[in-house]
Amino acid sequence: MPPKFVPRERKHRKIARQKEAESAAQDAGEVPQEVTGKKKKRLQKYIETKLKKEENLELLKKLAAHKVDTSLLQSAKKLGRVHENKRERFQRALKERAAGIDVNGDQDDILLEERATDLYDSIPDKVFNHHESRAAVANESTLPPASTQGFGLGLKRPLEVDEAGLPVIKRRKRRKPQPKLSSAPAAHDNEWNGFDSGAEEDSTASDKFQANVSPGAEADSDNESDNNSESSEAAAGDSDEEAEASDETSPTASDADSDVEDAQIDDEAEERPTRLSAFKAWANVQRNEAMDFTPSAVPVTSEAVKASFTPRAPSPNPDAIAASQALATDTGFRPAAAVNIARREDVQNARLELPVVQDEQKIMEAVNGNPVVIVCGATGSGKTTQIPQILLENGYGSHGMIGVTQPRRIAATSVASRVAYELGDEHGKNVAHQVRYDSNVDRNTKIKFMTDGVLLREISQDFILSKYSVLVIDEAHERSVNTDILIGMLSRIVPLRRELHREQPEKHTPLKLIVMSATLRVSDFLLNQRLFRDTIPPLVQAEGRQYQVTEHFARRTQRDYVMETIRKVSRGHKKLPPGGILVFLTGQDEIQTVAKHLQESFRDNQDGFHNSSHANPRITKHVENDYLENEDNDDSDSDTEIHGLDDYDEDDEFAVEPDTTATTQRGPLKAQVLMLYAALPPNLQKRVFEPAPDGTRNIVLATNVAETSLTIPGIRYVFDCGRSKEKTYDGSTGVQEYTIDWISKASASQRMGRAGRTGPGHCYRLYSSAIFEQYFEEHSAPEILRAPIEGTVLQLKSMDVENVIGFPFPTPPSTEQLLHAERLLKNLGAIDARSGKITQVGRDLAYYPVNPRFGKMLLLGLRNHVLPLTIALVAGLAVGDLFIAAPRMDRASMDAGDDSSEEEYKKRRVDAAALTMAQKRQQAYGRANATLSAWDDNADVIKLLTAVAAHAQAEEDPDNIPSFCEEYFLRQKGMTEVQQLRRQLHNIMQAHVKDGRIAAFVKQLPAPSKKQIAMLKQIVAGGYVDQVAIRADLLPSPPSLRPGRRAIEVPYRTIIASASEVDRMAPIEQQEEHKSVYIHPSSVLSRLSVAEMPPYIIYSELSRATAKNLSDAPRKTRIRPLTTIARKQLAALAEGTPLLDMGKPIGKIEESEAGRRRECWLNVSLRDPNATGTTGWPLGAWKVAQTRKGKDWATEKVISRGTA
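If you're matching positions, the sequence shown starts at 23 in the working numbering and goes up one per residue.
Among the hints, erroneous ones may be present.
Said to hold, decoys possible - Cut-off 30 angstroms, straight-line C-alpha distance, at most; resulting in silico cross-link-like pairs (DSBU-like, lysine-lysine): (1) K117 to K83; (2) K72 to K83; (3) K747 to K995; (4) K1213 to K1170.
No lab work stands behind these hints, which were simulated from the structure alone.
Could you build all of it, start to finish, from the sequences and the hints given here?
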C-alpha cells in the first residue's frame, strides 16, 4: 500500500505560525514549551513505571510487616498422599511441638509411644533354644490367633539372646528394594516348567536384576498373581516397617562381643535368602489351606518333577532386543551378509590388541541402529585403520563403497596402503586412494581413502552420493573448511537417502555417516540443532590408548624454542635408549635450521646412546637462558626474567629404561636426521616410513602434518615445541598473516600420541605445565573462522543454497567473512549485485576446481584465445609458493670478538667459508631471477609463466629436474603439482567447450608474443580487479609521508582499506604509514628505482610479518605484486562492477525522447562501495547514453571512454 500523501509545508509559513503561537502564549502568561508526540509517550511511560515501582515498594513493606512462618508448610511433592510414614509423622510432631500447636491431637501418642517389649515374655523359654520352623514359634506364642482369611501376616522372628540371657540386637544394613516380578498369567498349566532352586534368572528384558529364588517362592509368586495381590502388598508393608524399626534401633552390644556379632551378621546374611524362601513357602501353604485352594502345578520338590525337569531357554539379551527394535525403525539398517577375511597371524594378533577392535560390537550396534554415529577414541586406538575394515567385514561394502576422508594427501595414501596390507592379497586389492593428481580407484574398489576436497567435488556432480554406503569423516577435530562443509552437506544427504530408500528400497540403500576423531569438540555436533534435526547422534567412545606414553614437562619455558630444541634433542640422543625421535616444529625454515645444527653436532661427535651403562660423559656446556614470564608467580609485572643455569639435573628426565623386548646392539647409536613437511617431495617424505638401519636412530623433524593419522614406525620419543604456524585472515581487510602461537591442548594430546603407536613412549614438552594450563586453549579455532570463504559461498550457491548463513555449519562463519565473500563474488560477476543469486558466470566458475578468481581468468583466457597460457598461469598461481627465497648472508659470526683460541679460529674459518658459499648462492639467485624475468621484467606473473614453461621443457629429461629446480631456485614438489594441475584443467576445459581441440593439452608451451603478454596481464588484472593499489602520492589527498629511498619503501594505498583500526594516539605519520602498503622484497619491482615505480599495481595478497618480540614496532603490510596496469585499462576492467563509480554529468547534456534519454560526459572513479566518506580514484571522463528509470538514470552503453 503506498504511503499517505502529505502536502509539503512551506518553511516560511511554518515559522510564522510558530511565532504567532509563542506570542499568544506570552500574552496568556504561559511559557512556550514544544512537546512532540514521541516525548509525550516517553513521559507517560516514565510516569507509569514510577507508579508501578512505588506500588511494589508498598506491597513489599506490607509483606515484611506480616511475616508468615513457613516451617510447618508441606512440600508440593506430597500433594495427593494420604498416609505418612513413621519418620514423617515423627518430624511433623516435633515441628508442631516447637511451634506450640497440636493440629491432629496425636502429638503425645507419637512422641511418647511405648514399645511393645513384653511381646515375647509369654513365649516359653524352650522355644529360644529349639531349632524349629517359624510356624511352630508362631503357634506357641501368645499372638492372637489368625482368622481363616487373615493370610499374608508377617511373623516376627524370635529374639536371639547371649549367654547372660540378654537379647542380642544386630545391625542391619538397608537393602535396596528389589523390583517386583512381573509374571503374566499362563495360558496352559504345562507352560511353566519351574526354576532351579539356586538359579539366577532375569524376570524381563527390561528389568535386569538377580536373585536366588526357591521353588516355594516361585509357586508363591505364581499363585499371588493368579488370585490376590493384597498379600504381597501387606508383606511389603510389614517389611518396610521392620526395616524402619531396624534403622531406628541403635546397637547396644559390648565391645568385647563385637567380633562375634560381626560373624553372626555374616552368617545371617548368607542364610537370609533361605529363611525368606522358607517363610514364603509356609505362608503360601497356609494361605492355600485357608482359601481351600489347590495349585494346578505339581510341587517342584517332587522326585518325578525333578527327574523330568528341563531348564527353560535363557532370557534374550536386552541389548540385542534394543538393537533389533532400533533396526525395525526407519533409522536402522544392516547389510544382509558379512564378509570373512583371512589375515596373516601376526596382523590378526596385533589387531586384537587395539581398543577399537575390542569395542567392535558396541560400534557396530550403534552404526546398524543409527544413521549418524560419532566415534571418539584415544590416539593410537586404531580408529583410522580398523573401522573401515570392521565395516567391510560386516557387509557394508556389498551395496556401495566405504568412503574415508582424510584432511591431508599424505595421510590418505599412507593409510590406504596400510589397510591394504592388513586385509591381505584377496581383499587388499579392493582398497584404493584418490587425491589430487593421483588415483588408483577402479570398479572393484570397496574401501576408498580420499581427501575431503575430492568428496566435495563428487557431491557437486552426484548430490546423493549413490556410489557410497558408508562415509567416514576422519580427524574431524581439525575442523578444516572442507570438513565443516562436508558434515553440513551430509547432515542433509543422509535423511534424503533414507527417504529414497523408503520409496524405492530396491534401488537405494540408506547412507551411514561416521564422524570420528581422537579429540572431538562434541558440543559443536551434538548440541547443534540445525546440524542434525531429526535425532541426536550417539557418541561411542573407544577407551584407552594402546600403549602408555609418559609426559615430561620442562621446568621453565625458553623463549628461543628453536635453539632449545637443538640442545634438548642432542642431549636426548646421547641419553635415551634406542628408539626413534619425532620433533614437532612450526615450519620448513625451522626444520632446515634444526636439521643443519643437528647434523653438524652429530658430525663432530658421532657417539649417541651406549648400550653399556654410563658410557656417556655429562655435557657441561653452559647456556644463557631467556625464559618467558615468571611462571611461578602470576602476579609479577615483569614480562621477561633472565635466569642463570638450571639448578636441577636435566638427565633425570632422560632416565628411561631400555626396551627389553627389542634387540640390542653394542656400541653407540648413530643419528639419521629426516625431514617431513608438506612441500617436501614425495620420495623424500616416504623415507620417514622406512625402518632405520641397524645401529642408527631416526630423528624426524616434522610440522603438524605428522600430528594426525600417521604412524611412523619406531617412534618412541616425541619432542614438542608447543607452537605452530597458522595463517590468520582478516575478513574486513583481506590481510593474511602468518602467526606462530601456542597450539591447543587437543593438538598437544595428538602429538603425544605419536609416541604410543607402536609401543610405550615418552613425550618431552619444551614448555612448562604452567604455560600449558594458562595459555593453551582446549581446541583450535575452526579454519572456517580464519580463512577466506568465497569459494565456499560460490559452491553453496551453485547447489541452490541461497541463504548461505542458514546453512548448517558446525561453526558458522562470521558476518564479516560472508559479506567480504559476497562482495568479491559481485565484483567478479559470479552473483547478481542486487538479488544475490548466482549468475551463469558464477555457475561456470563453480565448475572449475580452483578459486573463483582463477575461474574468472580461465573464462577470460577462453574468450581471448590464449587458453593454454592462461591455464599455465592459473596452475602456477593455484599451487603457489614456487620460488625459494633469496639466500641470506649471516655476518654476525664474522664480527665476533678477537678471541685467539684455536677453537674460535677454526670456527671463524668455517664461518668465512660459509659466507663465501652464501655469496655465491646469492649471485646464482640473481642470475636465475634475471633469466626468468626475460619476457617481462615488471610483471611477477610473467616470471611465473616463464618458470612453468621452462619446467615443462625440462621434464623431457626426468633425471635433469632436480638440478634444474636447484639452479633456478624452484620447489620441485610444487612445480610437479603445477604440471599435474595443468593436465587436469585441460581435461576439464575440453569437456566444457564445444571444440575440444582448443583446450587440448600441449606439454611444452611456446614463447608468447608481446601482444599475448599484454593480454595475459589484463586477464590477471580481471581476476584481481578488486585488489589494486595506487601510489600514495597520486591520491586526490596525498598523505604526509616521507618519500622512500628504495622501491620497497614507496607507500601505496589499496582500494579496500588494509587497516581496520588505527591508533589515533600515535603520531600522524605513523598512522598514515599504518594505512599504507609496500611491495614485497621478493618481487621483480623491488629492483626498480623510486622514480620507476608504477602508479597502479595488481597484487595477489596482503601479508604482514609477525613481530618477534612484544616490544618491536608493528611490521609493515606488504603486497605481493602480480602485474602493473594503466588507468584506462583499470577503468575498462572495473566496468559493470560495484567498484566503478559514475559521477554527475559534466558539460553539455543532449536529451531525447521527451527527456527520457540523454547523452553526456561523466567523471568515472574507482572506490570501495562499502566505504563511506571516502573519495574515489579519478579515472577520467566517459561519454555515456543513459535512460531515466524513476528518479535515477541508468547507463545503457559507453559511447566513448575518453583518454587515460
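The hints, checked one at a time:
no. : hint           : result
1   : K117 to K83    : holds, 28 angstroms
2   : K72 to K83     : holds, 17 angstroms
3   : K747 to K995   : holds, 21 angstroms
4   : K1213 to K1170 : holds, 20 angstroms
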